[in-house]
Structure formats: structure tokens, C-alpha cells
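J.: Chain by chain, the residues:
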Amino acid sequence: MSERKIRVLVAKPGLDGHDRGAKVVARALRDAGMEVIYTGLRQTPEMVAEAALQEDVDAVGLSILSGAHMALVPRVLELLKANGQEHVKVFLGGIIPDEDVPRLVELGVVGVYGPGTLTDEIIRDVRRAVADAAAA
Amino acid sequence: MDLIASVLEGNRLSLARLLTQIENGTVEGRTALDALYPFTGGAHLVGVTGAPGTGKSSLVNTLARLYRNPPQADVPRRVGVVAVDPSSPFTGGAILGDRVRMRDLAGDPGVFIRSMASRGMLGGLAAATVSMVLALDAAGFEVILIETVGAGQAEVDIARLAHTTLGVEAPGLGDEIQAIKAGILEIADILVVNKADRPGVENTERALRGMLQLAHPTARVGSPHHGQADITSPAGDPAAKAPAEAPFWQPPILRTVATEGIGVDELYQEIARHRQYLVESGEWERRERARLQSELDMLLQAVLVSRWRQTVPQEAYQGVVDQLVRRDISPWQAVETLLDGHP
Numbered sequence: 001m002s003e004r005k006i007r008v009l010v011a012k013p014g015l016d017g018h019d020r021g022a023k024v025v026a027r028a029l030r031d032a033g034m035e036v037i038y039t040g041l042r043q044t045p046e047m048v049a050e051a052a053l054q055e056d057v058d059a060v061g062l063s064i065l066s067g068a069h070m071a072l073v074p075r076v077l078e079l080l081k082a083n084g085q086e087h088v089k090v091f092l093g094g095i096i097p098d099e100d101v102p103r104l105v106e107l108g109v110v111g112v113y114g115p116g117t118l119t120d121e122i123i124r125d126v127r128r129a130v131a132d133a134a135a136a
Numbered sequence: 137m138d139l140i141a142s143v144l145e146g147n148r149l150s151l152a153r154l155l156t157q158i159e160n161g162t163v164e165g166r167t168a169l170d171a172l173y174p175f176t177g178g179a180h181l182v183g184v185t186g187a188p189g190t191g192k193s194s195l196v197n198t199l200a201r202l203y204r205n206p207p208q209a210d211v212p213r214r215v216g217v218v219a220v221d222p223s224s225p226f227t228g229g230a231i232l233g234d235r236v237r238m239r240d241l242a243g244d245p246g247v248f249i250r251s252m253a254s255r256g257m258l259g260g261l262a263a264a265t266v267s268m269v270l271a272l273d274a275a276g277f278e279v280i281l282i283e284t285v286g287a288g289q290a291e292v293d294i295a296r297l298a299h300t301t302l303g304v305e306a307p308g309l310g311d312e313i314q315a316i317k318a319g320i321l322e323i324a325d326i327l328v329v330n331k332a333d334r335p336g337v338e339n340t341e342r343a344l345r346g347m348l349q350l351a352h353p354t355a356r357v358g359s360p361h362h363g364q365a366d367i368t369s370p371a372g373d374p375a376a377k378a379p380a381e382a383p384f385w386q387p388p389i390l391r392t393v394a395t396e397g398i399g400v401d402e403l404y405q406e407i408a409r410h411r412q413y414l415v416e417s418g419e420w421e422r423r424e425r426a427r428l429q430s431e432l433d434m435l436l437q438a439v440l441v442s443r444w445r446q447t448v449p450q451e452a453y454q455g456v457v458d459q460l461v462r463r464d465i466s467p468w469q470a471v472e473t474l475l476d477g478h479p
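Residue numbers (this note's numbering), protein chains in the order written: chain A, 1 to 136; chain B, 137 to 479.
Treat the hints loosely; a few may be bogus.
[As the list claims (entries may be wrong)] In silico lysine to aspartate or glutamate, DMTMM-like type, Cα no more than 25 Å apart, as pairs:
#	chain 1	residue 1	chain 2	residue 2
1	A	K81	B	D240
2	A	K81	A	D100
3	A	K81	A	D125
4	A	K81	B	D170
5	A	K81	B	E402
6	A	K5	B	D240
7	A	K5	A	D120
8	A	K5	B	D170
9	A	K81	B	D210
10	A	K23	B	D240
Keep in mind that the hints were calculated from the coordinates and are not lab data. Values in this document were obtained by computation on a predicted structure and should not be read as measured data.
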């Protein structure tokens with residue numbers, strides 16, 4: 001009965017209502033055998049961090065198409081750390097300008113995925129990052 | 137022991153981690169449960185079951201909010217939520233989406249919501265749900281709302297676990313013949329017709345009422361609540377514990393619109409009334425005993441099988457399977473061969 005499933009929170013912080021991408025990714029991760037907690041639209045960073053804590057997830061996928069990623073993502077990372085969840089891997093998808101990516105990676109985002117990303121790539125990266133965290 | 141003390145003190149991260157250990161069936165999780173078990177037994181376990189799309193998650197959301205901000209002079213209760221969603225039978229993955237409807241509960245330290253995948257179990261709950269509920273109980277949550285997989289007719293495990301089971305219906309989902317089949321309707325202590333602002337609500341309610349009148353009242357009180365074949369206890373035992381003079385609980389039928397909060401106050405009151413009925417009639421103790429016994433039976437079966445398997449060489453076991461495949465022996469003969477050691 002002892003089994004280890006990767007648990008991922010897929011959340012949409014901020015105010016844009018475009019959740020197609022988040023749903024596609026959630027479904028792809030499910031089909032890869034992961035347990036995906038889907039929280040729906042218009043989450044605050046506080047709500048995302050709280051859900052990540054209660055669900056004890058290995059990774060968080062954020063989808064942001066509003067342009068507010070430079071405000072929302074650092075706040076989520078900060079709250080995860082404050083809650084003692086610095087081991088949780090954070091991924092980001094949506095409309096993220098190239099020039100913002102280095103700063104986000106520096107802050108601790110593991111992967112940034114724009115339109116046209118293959119879901120296989122995301123699955124591979126999540127698996128690898130979670131395995132690294134478990135080995136560490 | 138750190139983890140245990142921390143959970144008892146109310147540390148949420150420790151609780152979350154413990155729940156993962158329990159869900160994954162690790163030794164650490166089991167050891168922690170051993171230590172936490174004496175601290176359990178205080179919570180009112182309320183099951184919420186019903187077909188997919190009847191509004192179970194919304195109802196849990198509104199009920200939990202009410203327990204946090206109770207009407208009249210009631211004291212606020214700390215609320216734990218365990219929400220089970222199905223695992224894919226093909227990939228083992230799952231999308232757990234019950235939190236989408238529970239966003240009103242965010243930011244309240246008196247609420248803890250945990251989603252879990254059914255991981256192949258078919259009874260509407262997951263194998264570890266019972267243990268996860270124990271952990272929340274030990275952590276001091278006074279009301280624990282357990283939402284099952286969207287279920288219909290056979291997924292009745294929840295009635296074995298919960299003190300009070302809500303059967304949630306919605307208008308337009310089935311005709312009268314659905315209502316007289318066995319299953320969810322028989323195990324519900326309170327029937328809820330949610331989405332009661334939709335057309336057809338009178339028909340749904342009438343069908344439920346008709347079904348309740350058909351049911352033989354005394355049969356309901358006397359039978360083992362969970363309807364599972366009770367192998368180990370002597371026949372007639374459960375009936376002996378439910379004396380004829382015990383007050384009879386007739387499941388009420390309530391109309392709600394969970395998303396608007398309509399009818400939820402009444403539901404809250406009925407749940408309290410059911411709890412009071414359980415305690416005063418002695419049914420609370422009877423259900424606790426029946427539940428713990430059936431959990432013990434299941435655990436015994438699992439442990440006995442796995443211990444026994446360790447004593448049988450893999451070759452001998454596969455040899456018997458070969459005989460089965462060749463139709464040399466029947467499955468019953470195979471069991472005899474394996475257990476008694478002669479073909």
C-alpha cells in the first residue's frame with residue numbers, strides 16, 4: 001500500500017480569467033500519474049500558500065496571464081518560505097516576457113513556460129525537480 | 137516524537153506532513169497514529185455523499201462557514217475537511233478539485249482542508265481516509281466534514297466512518313426507481329435536496345419521501361448501520377444493542393441552495409439534533425463500537441494475508457496459479473492447497 005505520488009498544486013493567482021492553460025497542464029500532470037490539486041481562478045498569494053501547506057504538495061504551478069507576475073510570484077515564494085515550505089518547487093506558466101525570466105529564476109522559480117510549451121517538457125521538469133528535492 | 141507533539145500543539149505544517157505519511161502508508165505515519173490514538177474520539181464526523189454534481193463541495197463550504205460563525209449562542213467549532221476525488225484507473229493520477237468550491241474558508245486558522253485521491257478504492261473513500269480523519273481528530277478539529285467521491289448506489293463506506301451521513305440529491309438526476317434502489321438513500325441520516333431553486337425539486341422530494349415511507353422503520357434501526365456482511369459477530373448481536381424503546385430517527389428531508397446559503401441554517405440544526413439523538417439513544421456508542429470493530433476486522437484481514445504470504449515460497453504460489461490456469465484445480469481447491477498444504 002505504500003506508494004509515493006507526486007502532489008502538485010495548480011493555481012491561478014491574480015485577476016485574469018484565462019484558465020485554459022492551467023486546466024491543460026493540470027490534466028497533463030494527472031495523465032502522468034500525479035495528484036493535482038486544482039484551486040480555480042482569482043487566488044491571492046496567501047490562498048495559494050495556504051493550500052500548498054494544507055495539501056503538503058511537492059510542487060506548485062502558477063498560471064498568470066495578467067502581467068502581474070513580478071508582484072505575485074515573489075509574494076508566493078516569500079509565503080512558502082515563511083510557512084517552512086522552501087522545499088516546494090515553483091513553476092510558472094502564462095504570458096511572461098523573456099526579460100523577466102532571469103529575475104524569476106533567481107528568486108527560485110524552477111521553470112517558466114510560455115505558449116506552445118509541450119506538456120511533456122513540463123512533466124519531465126516537475127518529475128526531475130521533485131526527485132532532486134527528495135534526494136537532497 | 138517531535139512530529140506528534142507538534143501536531144497536538146496545532147502546528148499546521150506538521151499536521152500536513154503527517155497526513156502525507158499516513159496517506160502513503162509509511163512506518164512513520166503508523167507510529168504517529170499509535171501515539172495519537174488516545175487523543176481521538178472527540179470529533180463529530182459528518183459524511184457528505186451523493187452523485188457527482190449535486191453540490192457536495194459547495195455544501196461543505198457553506199456548512200464549514202456556519203460552524204465557524206454559528207447562529208445564536210453556539211460556540212464556533214474548529215472544522216477539518218477531507219475531500220476525496222477519484223484517481224484515474226489508467227494512470228493513477230488524479231485531479232482534486234473540491235477546493236475550487238471552498239474558497240470562502242481560506243485564511244481561517246480554524247479550518248483545515250485536505251484533498252485526497254481515492255487511489256483505487258471503490259467505496260467512495262480512500263484506504264487512508266479513516267486514518268487521516270483520526271489525525272485531524274487528534275489535532276483538535278471538533279467537526280470533521282468528509283466528502284466522498286461522487287457516488288451513487290454502492291459507495292457506502294462513508295456510513296461506516298461517519299457519525300452523521302448527509303445524502304445529497306439534486307433535482308432532475310433520476311426517477312423514482314433510483315430512489316428505491318439500495319445504497320446512498322438507505323445510509324443517509326439526513327437527506328438534502330440541494331439546488332432546490334431548480335425545477336423539479338418537488339418531484340425529487342416526493343420520490344425521497346415515498347422511499348422513506350416504504351422502508352421498514354424497525355429494520356433500519358436493528359440492522360448493522362453500514363449494511364456490510366458482519367462475519368465475526370454472532371448473529372442478532374447488533375439488534376440486541378438497539379432496544380425497542382430507543383427513539384427512532386426518521387431521516388429528515390431538507391431543501392438547500394448551498395451557493396446562496398439557503399436552508400443551510402436548518403441543515404446545521406438538524407446535524408446538531410442528530411448528534412443529540414445519537415448520544416441520548418446510545419446509538420453513538422453502538423456506531424463507534426461497530427465502526428472500530430469493522431476497522432479491526434479489515435486490518436486483521438490485511439495483516440493476516442500479508443503475514444501468511446511471507447510464509448509461502450513464491451514458486452509454490454505460482455505453481456498453484458499454474459494449476460488454476462490449466463483448469464487442473466478450481467479456485468476453492470487452490471485455496472485449500474495453499475492453506476492446508478495438500479492438493
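J.: For a quick check of understanding: which of the numbered hints are violated here, in increasing order?
T.: Of the numbered hints given earlier, those the structure breaks are 4, 5, 6 and 9, listed in rising order.
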